[in-house]
Structure formats: C-alpha cells, structure tokens
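Please put together the full structure from these sequences, using the hints given.
The listed protein sequences correspond, in order, to chains A and B.
So the first sequence is numbered by numbering that gives the first Met the number 0: it starts at 0 and just counts up by one.
So the second sequence is numbered by numbering that gives the first Met the number 0: it starts at 0 and just counts up by one.
Hint data in this document are derived by calculation from the structure and do not stem from the laboratory.
We put the CB at the ideal spot given by N, CA and C, even for glycine.
Mixed in with the good hints there might be a few duds.
[What the hints assert, rightly or not] The calculated lysine to aspartate or glutamate pairs, modelled on DMTMM-like cross-linking and capped at a C-alpha distance of 20 Å, are:
1) B:Lys438 with A:Asp22
2) B:Lys438 with A:Asp55
3) B:Lys438 with A:Asp100
4) A:Lys77 with A:Asp60
5) A:Lys77 with B:Asp182
6) A:Lys41 with A:Asp22
7) B:Lys240 with B:Asp182
[Stated by the list, open to error] Away from chain B, derived, C-beta distances all over 12 Å, residues of chain A:
8) Arg25
9) Thr33
10) Thr82
11) Glu123
[As the list claims (entries may be wrong)] Incomplete in silico selection of chain B near chain A, CB under 8 Å:
12) Gly72
13) Arg110
14) Thr294
Residues per chain, in single letters:
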Amino acid sequence: MGTVRRHAFIECSADEVWGLVGDPARLHEWFPITSTRVEGKKRWIDLPSGLCFEEDIVTLDHDLRRFQYSIVNNPIVKSHLGTVDVIPDGPSRCVVVYSTDLDPEVMALMIAGAAGAGLERLQEIFGSGEPGKGDGR
Amino acid sequence: MGRKILFITTDQQRYDALGCNGGRIARTPVLDALATNGINYRRALPQSVVCMPSRSTMITGQHVATHGVWMNGVPLPEEAPSVATTLRDAGYATALIGKAHFEPFLDPFLRFTENQLGTSGDFSKIVDGHVHRGFDHMESASHGGMGNFHYARWLMQNHPEAIGMYYRVLDMSLQVNSAGGGDTGGPQVHDNPIPRDWYHTDWVAERTMAWLDSLPADADWFCWMSFPDPHHPWDPPASEKHRVNWRDLDLPEGYPADRARREALLDDKPRHWRMWYEGEFVSNFEAPASWVPKTLTDDQVREINALTHIENELIDEAIGRVLARISARGWADDLDVVYTTDHGELQGDFGLMFKGPYHTDSLMRLPLIWRPAPSSGVSAADVSTPVGLVSLASTFCHIAGLPEPDYVESSRLPTSDAEARGLGHERVLTEWDSVLFGKIVRLRTITRDNWVATACLPGSVHDGTEGELYDLGSDPLQQKNLWSDPAHRATRDDLLADMWDSLPEASRPSVTWQATRRQCDAPV
Chain A
0 MGTVRRHAFI
10 ECSADEVWGL
20 VGDPARLHEW
30 FPITSTRVEG
40 KKRWIDLPSG
50 LCFEEDIVTL
60 DHDLRRFQYS
70 IVNNPIVKSH
80 LGTVDVIPDG
90 PSRCVVVYST
100 DLDPEVMALM
110 IAGAAGAGLE
120 RLQEIFGSGE
130 PGKGDGR
Chain B
0 MGRKILFITT
10 DQQRYDALGC
20 NGGRIARTPV
30 LDALATNGIN
40 YRRALPQSVV
50 CMPSRSTMIT
60 GQHVATHGVW
70 MNGVPLPEEA
80 PSVATTLRDA
90 GYATALIGKA
100 HFEPFLDPFL
110 RFTENQLGTS
120 GDFSKIVDGH
130 VHRGFDHMES
140 ASHGGMGNFH
150 YARWLMQNHP
160 EAIGMYYRVL
170 DMSLQVNSAG
180 GGDTGGPQVH
190 DNPIPRDWYH
200 TDWVAERTMA
210 WLDSLPADAD
220 WFCWMSFPDP
230 HHPWDPPASE
240 KHRVNWRDLD
250 LPEGYPADRA
260 RREALLDDKP
270 RHWRMWYEGE
280 FVSNFEAPAS
290 WVPKTLTDDQ
300 VREINALTHI
310 ENELIDEAIG
320 RVLARISARG
330 WADDLDVVYT
340 TDHGELQGDF
350 GLMFKGPYHT
360 DSLMRLPLIW
370 RPAPSSGVSA
380 ADVSTPVGLV
390 SLASTFCHIA
400 GLPEPDYVES
410 SRLPTSDAEA
420 RGLGHERVLT
430 EWDSVLFGKI
440 VRLRTITRDN
450 WVATACLPGS
460 VHDGTEGELY
470 DLGSDPLQQK
480 NLWSDPAHRA
490 TRDDLLADMW
500 DSLPEASRPS
510 VTWQATRRQC
520 DAPV
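Quick look at the structure:
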C-alpha cells in the first residue's frame, strides 16, 4: 500500500473552494482529466491517455468538507481510497489536502502527481499566488 | 557553415563495455576508431547514477541540486535551461531521437510533453512560447514496444505483432518486472523473436538518418541520438544471440565466484548494500522490487553479460551506419561526435545487478569519447583527469563557437590533461537522493586525485556516520573501504571538505529540503 499526500493553501474561503471541490461532477474543471460522469454513488472519469476509471463515491460530507472515493473494477488497482479535505484557515483562506492510499503503491505516485497539478489549478481558479506544494507522502 | 554535432548516448552502459576501454567481448570497432582519433576520457562520471537526473544534467549543464530532478519520476521543469535551445537560437537545427526521459514515462494523465508528442505522433510542441526543450524534432523510444513513444506508435502501425515479442518491463503492480527467462532464469532476461530491423536500436539509427536526410547540405545541426540499450531488459533480437555464447564467458572481475567473499565485500560497505542484497531494504524503483540479489547465480551473471555485449555490438554497428550516411552527405570533416551514457550497470559486481545508491565504478565510471571535427585540428588524446557529464552542455556550445552559457555549472571538456586544470577540472561530484514511501537514502560523492569518497547522509538506514573511501589506484575494483581506517582519516576529511565546498548550496543537508524539493510524480 502506498500512501501519499499533497496540499495547497488557497487564498479563498473554504466554503467557496468546497463549492467546486465538493461537487464530484465538476472534477474535470480542476483535475487533469477530460470528462466526468456521475450517476448516484458512481463516478466515471476519462483520462487524456484514453483510460477510464470507474469510482465509488465513499464520502461526500458537506459539513466536514470531505470527499472520499475509491477506484473500482480496475485491472491494476487492488485497493484505493482517495480523500480530499478542504480545511478553513481563517475566514478567507483554506488548505486543500489530497490524500491517496493505493495498492499497487507505484500508482499512488501518479495519482499524487495529478493531484499536485489539480491543486495548482485550484490556486489559479481562486486567485492564489503560491504554486501548490505538499510534502509528497 | 559551422561544425555539426552528433551526440550519441546509450543507457546504463559500463566503461568497460567498449574495446577501447579494455572490453574483451563485444566488438566495438566504430567506437574504438572514434576513441583512437579523438579524446578518450578515462575517468568520466555522472552527477547521478539514474536516468532522469543524469539526462537532466546533460541538457542543462547543471548539477542535480540545481536542476532539481533529484530522483527518477521528478520532471525537469519546462522552463529549465536547455543546451538545445541555446544551439537552436544560434541557428542550429536540433533533434533528439531515441530515449529522452526528462519527464516521467508513467503518465496516465498525459501531463508531460514528451508523452504527448509520442502519443500524437507530433515531433515538436510550443510550450509557453518556446519549442519544448529546444528540439525542432523529438522522436522517442524506450526499452520495449509499449508506452507513449514514437517507436511504440511506429511498431503499432507497422508491426503490431512485434509489440508482445518484447519483455514486459513492468509487472501487473507496475513495478519493474522480476520475471526471469533465457537459459538461466535471470531477471529481465528474455528471448525476443523480433526481427533485427524492427528492434529499437536499429529504429533509432534509421530515424536519425531520416532526420539528417531532411536537412539541407549547408545546415548546421545538433543531433542527440539516444539508444535505449544496453539498459535492461536484456532481450536483444534472438537472431543475434549467436554472437556471444554465455557459456563461454568468464565471470566478471568484480564478481568474486565465492559467495562468502562477495558477502564480505558487501559487509565492508555501508549497510544499505548488504540490506538490498538480502532483500531487506529496497530503496528505489530502479531494480525489481521482488527480486532478491542474493539469489543471483553465476550462470545468470554470465548470460546477462553476454546479452549486454550483444546489445553493445548492435549499437556500435548502428552508429557505423549513421556515420557512413553523414560522410555520404559530405559532412564528415566538420563533424564532432560525442559519445557517452547516462550511468553504468552493476552487471554482477559485488553479486548485484541493475542500479541504485551504489557509488562505485560499476555505476559511476562511464565511457566518454569526444572525436572533434577533423577540420578543427584538435589532437587525439587520453584524458585521465576526472570529468563529469555536467561539462557536456558547455562543450557543445564550445564546438558551435558560442560563449559558455551563464546557466552551466562546469566548463567544457578538456582536450588534454594539460588543459584540464586550467579549465577547472579537478573534482567531480555525484549525488543520490531517493525517498520511497518513507525509505530515504541520500549520498554525496566526490572523485578527485584517484580517490572516491561517499558520505551517507542521515536517512532511513544511515545515521550520518557511514561512508565509503576507495583508493582507485591501488583498489580499482573498490573492494577495500577505507572510510573508517585511521591511516586515511586525513585524506577522507580533506576530500569531504572539498566536496561540501564545491557542491551547490542546495545539495547540502538541510531541514528545508523536504519542503522545498520538487515533487516526484511517478516511479520512473
């Protein structure tokens, strides 16, 4: 099992950021994928390489501002839990934390890389200056 | 018209692979002739012993800590300097054909330009207003028939039946495959029925010639021809296996046949050596995670060496064809050829294979030949002064008649030992950093005055007190570690002081490294 984590501070309220991050159908607006489809507790995402990931939505907690999902029915992925937290840091600042636990562990690094790009995109969308940097574990 | 530059690299090739460097098995007459007529560097070293950091040093002329690609999987920033850009700005046509690897290979989100080009079939892309990496033409290949590479695309379009002929480099866990094959069951050994014409070595040469054919006669050009071999998997075309019978080979000098002797050598080194040998500590992705070096047999060492020699012969012959084409174009007199590799291969030394945090000649002593253009009048020479791949970028600019770029961290390669000191060539620095799900190994190495000293920085298995010190003159196989020998304490301390004075500031141990280093986005 590989466990990785990326985070980024965003100069915007947690509620506003959660408005985007907390909508599972809008993932393609900030994550490096081409399209998103949601049906109930299921989500499908299309990657630029042509791959499609089927996902179960595990948690969508608007009070905690936590989204969790799991890649399923995938020939490579044995187990996976992705967690995105939007945590307020005062009234007009927040930190977005993207955590991935994945077997095989190698794939966790690639998800983390994409998450890093996604966090940078969130900073662009919400007008923050600092590029997204986490500690990568 | 100016001088043309053919920059040839292989991947994971040892110094002793070539006849001109003492190799006795592979026949490498083309490279031997280049060495005879050019400058053969007897102590050339990389700044990292894995692909992405080392290749990033080649193109930027910078040490690892400066360009920031500290480990495979860390992409070279798009805005990093590139000697290809400098040459292109000066009017050179530029190409890279073969293995690039400045950006991660495993890229399902297709985030990286190299992979985008390989997938689309395009040969260049404008990124942020600049031609990506400064190459008019990038045409990529790697170690097999799959992936986001032009070669894989060509194979799919023309010979799809050949894709499955190659060894599968990764297993179903996306780890480096440990499955064995051939006659001995050696890891990453495979019988490959692919016709030689379709093999990536010949493809790289063919595509290089095609690009050269596209240029006008009066063009100045810089072409990086980058062969993926002899990097594992060891699966050359089966039609060529007759060249070297593994059963005829002696065991390598660095591989004592006696197991107890091998293990005693490992125990004389910092603990990560023996821990990997036992399968207790896999610190990096560059070797199969599930393979235990202790299981390596004498015959597996022989077979892997034989296949490596075959791959080296194919490379030499491919280079010969490209040089003949260049001559036919009338460019021979103005052609500079620079030949090297990104790092070495353990190839049985100390009972180990592949690569990792092991800073001995197996991985650090590289073939490096510069055959200056005959029209330049530069004399042939052997250079024994240590030099680094960090000097390549400034060398290419020198050949092109350009001033040394302000972004490089080393002057050009010397043309003689007499010239070396004046150019500041005295020491070479090599770095290793790996962080793999909490397993941390960090090494800093200096090579100078026929000594090599490596400090193990604090990490998962080192407390900062361990290291290696070898006298390359009396111990060419680095089998006697003098790190803790009081008689050599002064030498060790002097080397380490020089190393810390000479390394870029960013390479020093720092509490901020974890927070400031570039992110690793893939295993490779």
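Status of the hints after comparison with the structure:
no.: 1; hint: B:Lys438 with A:Asp22; in the structure: 36 Å, violated
no.: 2; hint: B:Lys438 with A:Asp55; in the structure: 31 Å, violated
no.: 3; hint: B:Lys438 with A:Asp100; in the structure: 17 Å, holds
no.: 4; hint: A:Lys77 with A:Asp60; in the structure: 25 Å, violated
no.: 5; hint: A:Lys77 with B:Asp182; in the structure: 33 Å, violated
no.: 6; hint: A:Lys41 with A:Asp22; in the structure: 13 Å, holds
no.: 7; hint: B:Lys240 with B:Asp182; in the structure: 12 Å, holds
no.: 8; hint: Arg25; in the structure: 17 Å, holds
no.: 9; hint: Thr33; in the structure: 9 Å, violated
no.: 10; hint: Thr82; in the structure: 17 Å, holds
no.: 11; hint: Glu123; in the structure: 14 Å, holds
no.: 12; hint: Gly72; in the structure: 6 Å, holds
no.: 13; hint: Arg110; in the structure: 6 Å, holds
no.: 14; hint: Thr294; in the structure: 22 Å, violated
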